[in-house]
Structures are given as structure tokens and as C-alpha cells.
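Colleague: Residues per chain are reported as follows:
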Amino acid sequence: DGGITQSPKYLFRKEGQNVTLSCEQNLNHDAMYWYRQDPGQGLRLIYYSQIVNDFQKGDIAEGYSVSREKKESFPLTVTSAQKNPTAFYLCASNFGTVLNQPQHFGDGTRLSIL
Amino acid sequence: KQEVTQIPAALSVPEGENLVLNCSFTDSAIYNLQWFRQDPGKGLTSLLLIQSSQREQTSGRLNASLDKSSGRSTLYIAASQPGDSATYLCAVTPLAQGGSEKLVFGKGTKLTVNP
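Each protein sequence line maps, in turn, to chains A and B. Each residue of the first sequence is one higher than the one before, starting from 50 at the first, in the numbering used here. Each residue of the second sequence is one higher than the one before, starting from 4 at the first, in the numbering used here.
The reader is advised that the hints may include incorrect statements.
Listed below are the simulated DSS-like cross-link pairs for lysine-lysine, each with C-alpha atoms no more than 27 Å apart in a straight line [unchecked claim]:
#1 Lys106(A) with Lys58(A)
#2 Lys106(A) with Lys4(B)
#3 Lys110(B) with Lys58(A)
#4 Lys45(B) with Lys132(A)
#5 Lys4(B) with Lys110(B)
#6 Lys113(B) with Lys4(B)
#7 Lys106(A) with Lys110(B)
#8 Lys120(A) with Lys106(A)
#9 Lys45(B) with Lys106(A)
#10 Lys119(A) with Lys45(B)
#11 Lys45(B) with Lys58(A)
#12 Lys106(A) with Lys119(A)
#13 Lys45(B) with Lys110(B)
#14 Lys113(B) with Lys58(A)
#15 Lys105(B) with Lys132(A)
#16 Lys58(A) with Lys120(A)
#17 Lys119(A) with Lys4(B)
#18 Lys58(A) with Lys132(A)
#19 Lys4(B) with Lys71(B)
#20 Lys45(B) with Lys113(B)
#21 Lys106(A) with Lys105(B)
#22 Lys63(A) with Lys45(B)
#23 Lys132(A) with Lys63(A)
#24 Lys110(B) with Lys132(A)
#25 Lys119(A) with Lys58(A)
#26 Lys71(B) with Lys113(B)
#27 Lys105(B) with Lys71(B)
#28 Lys120(A) with Lys105(B)
#29 Lys58(A) with Lys105(B)
#30 Lys4(B) with Lys105(B)
#31 Lys120(A) with Lys45(B)
For the record, the hints were derived by calculation from the structure and aren't laboratory data.
Work out the full structure: start from the sequences and follow the hints.
Modeller: If you want it as C-alpha cells, here you go:
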């Protein structure tokens, strides 16, 4: 089955630690996205990538980093500079570089602070 | 800056009722509008996508309308069922330079359908 796989489902970060969230898709989609969702809030865009080896900052990129070395993969690193990382992180993808088709989402990673 | 608002934040209805969820956006220059469903602890599932040139889209018991000039969209759910209980989010794709590749989301309406 085609889809987006996010791992792990739950992740705990210690003070001063960087952690990496995985996102893999087998939909042959060009564009991939990372969103952050806080309780009672809409989704906020962290980073997105429309092509391999290229990515753009979203609205809340500070304290996060990404890479896009393969079309299928778009990992997100939450660095120690992100002082409030506790949230639900969602990865998404869509075909093409203009959003004229529905966006597909993974099942999310919940990040908490130890 | 485009802003998307969904009212009410939460809605509780008895099973079988027809209901309407509302979405409004501040800038009518949009490429399209999408409605999503989110179950607790899960990702989003796209329900309907309405292009800016369209007035409505239908899928089963769901009907979404778009009035771009007034900045409004509604999601109509007919004969609601307990399985419809979820959070429904609305999102627009801004039609602006460098903006047609990003979605702007509302905060969602949490729907509970009681048996």
C-alpha cells in the first residue's frame, strides 16, 4: 500500500539533545512538508521541499533542520535550540509542486521532553 | 497575511442530524480550499478539495461549498453518525507569489456525534 510512514510514533528528548524524526513516502510525490501541531491549534509549517536537495523554511523554522537527499525521505531534526519542542509533528506530501491535489499525511510523531 | 477561522471550535449533535461546519478566510485570492478530517492521535485525511473556479464538491454524505468572494466555505454532513466524530480542519492554498505551494490551516472544529 502506498503511503507516508513516520517513525517513531513517540519520542522523548533530553535537555540539550538533538533528535531526528523520520518521514518516508512511497507515493512518488515530489513535494514533502513538515508541520507542527499544538493542542487546540491548527497546523504550522516548519519546512517544505519541492525537489531533492532543495528545501524552504516555513513559518516556524527556527530550532529545526531538514535534509532531502532522496525523493522518498524528508527527515526533520529538532535541535537543542528549539526551546519548546513538545508537540505533535506531522509529515505530508503531494504530487507536483503546486497544491492542486489533496495533500497526504502520515500518522505523526509525538515528541515530549524528559 | 491569509488567516483561516473555523467556528465553532467544538460541536456536539445527536446521531442522524444534518450539520454544517463553517470556515472563513481573510484573502479571497486562493488557489483552492481543502477540508480534512483528523482522528485523535492520527494524521489528516483529505475529504474534499474545491478549486477556486468551483462552487461545490460532493463525496457521499459530505458536501463542501465555496464562496470565494465572501471568503467562506461550508462542509455539510448529512445524516451524521457516531463514526463521523473527529476534528475537521479547513485549509486554503494562497494564490500569491511563492504561496501556491503552501497550505494555511484553520484550528479545526471538533465534532462529537452522540448515539
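Colleague: Hint by hint, note whether the structure agrees.
Modeller: Now for the hints, and whether the structure bears them out:
1. Between Lys106(A) and Lys58(A) the alpha-carbon distance is near 24 Å, which keeps this suggested pair within the 27 Å criterion.
2. For the given pair, Lys106(A) sits about 17 Å from Lys4(B) by alpha-carbon distance, which is consistent with the 27 Å threshold.
3. Between Lys110(B) and Lys58(A) the alpha-carbon distance is near 23 Å, which keeps this suggested pair within the 27 Å criterion.
4. Between Lys45(B) and Lys132(A) the CA atoms are separated by roughly 25 Å; this keeps the pair inside 27 Å, and the hint holds.
5. Between Lys4(B) and Lys110(B) the CA atoms are separated by roughly 16 Å; this keeps the pair inside 27 Å, and the hint holds.
6. The straight-line distance between the Cα atoms of Lys113(B) and Lys4(B) is roughly 25 Å, inside the 27 Å bound, and the hint therefore holds.
7. For a cut-off of 27 Å, the pair hint linking Lys106(A) to Lys110(B) stands: about 21 Å separates their Cα positions.
8. In summary, the hint linking Lys120(A) to Lys106(A) is supported, as the alpha carbons are separated by about 18 Å, within the 27 Å threshold.
9. Between Lys45(B) and Lys106(A) the alpha-carbon distance is near 24 Å, which keeps this suggested pair within the 27 Å criterion.
10. Pair hint Lys119(A) plus Lys45(B) holds up; C-alpha atoms about 25 Å apart against a cutoff of 27 Å.
11. With a CA separation close to 10 Å, the supplied pair Lys45(B) and Lys58(A) stays within the 27 Å bound.
12. A threshold of 27 Å between alpha carbons decides the hint, and for Lys106(A) with Lys119(A) the separation of about 18 Å falls inside it, so the pair holds.
13. Taking the CA atoms of Lys45(B) and Lys110(B), the gap is near 16 Å; set against the 27 Å cutoff, the hint holds.
14. At most 27 Å may separate the alpha-carbon atoms for a hinted pair to count; Lys113(B) and Lys58(A) meet this at roughly 23 Å.
15. Distance hint between Lys105(B) and Lys132(A) is fulfilled; the C-alpha atoms sit about 25 Å from each other, no more than 27 Å.
16. For the proposed pair Lys58(A) and Lys120(A), the alpha carbon gap of about 22 Å is at most 27 Å, so the pair holds.
17. Of the supplied pair hints, the one linking Lys119(A) and Lys4(B) is violated, its CA atoms being roughly 33 Å apart against a limit of 27 Å.
18. Pair hint Lys58(A) plus Lys132(A) holds up; C-alpha atoms about 21 Å apart against a cutoff of 27 Å.
19. Note on Lys4(B) and Lys71(B): the hinted pairing holds, with a Cα-Cα distance of about 16 Å set against a maximum of 27 Å.
20. Annotation: proposed proximity of Lys45(B) to Lys113(B) holds, straight-line Cα distance about 14 Å (limit 27 Å).
21. Of the pairs offered as hints, the one joining Lys106(A) and Lys105(B) holds, with about 11 Å between alpha carbons and a cut-off of 27 Å not exceeded.
22. Between the alpha carbons of Lys63(A) and Lys45(B) the distance comes to roughly 24 Å, so the proposed pair stays at or under 27 Å and holds.
23. Our distance criterion of 27 Å between C-alpha atoms is met by Lys132(A) and Lys63(A), whose separation comes to about 11 Å.
24. In summary, the hint linking Lys110(B) to Lys132(A) is supported, as the alpha carbons are separated by about 23 Å, within the 27 Å threshold.
25. Under the criterion of a C-alpha separation no larger than 27 Å, the hint pairing Lys119(A) with Lys58(A) is consistent with the structure, at around 22 Å.
26. At most 27 Å may separate the alpha-carbon atoms for a hinted pair to count; Lys71(B) and Lys113(B) meet this at roughly 24 Å.
27. The hinted pair formed by Lys105(B) and Lys71(B) meets the criterion: a straight-line CA distance of about 18 Å does not exceed 27 Å.
28. For the hint pairing Lys120(A) with Lys105(B), the CA-to-CA distance comes to about 19 Å; that is within 27 Å, so the pair holds.
29. Under the criterion of a C-alpha separation no larger than 27 Å, the hint pairing Lys58(A) with Lys105(B) is consistent with the structure, at around 25 Å.
30. Note on Lys4(B) and Lys105(B): the hinted pairing holds, with a Cα-Cα distance of about 13 Å set against a maximum of 27 Å.
31. A distance of roughly 24 Å separates the Cα atoms of Lys120(A) and Lys45(B); the hinted pair therefore holds under the 27 Å criterion.
Hint check: a violation occurs at hint 17 only; the rest are consistent with the structure.
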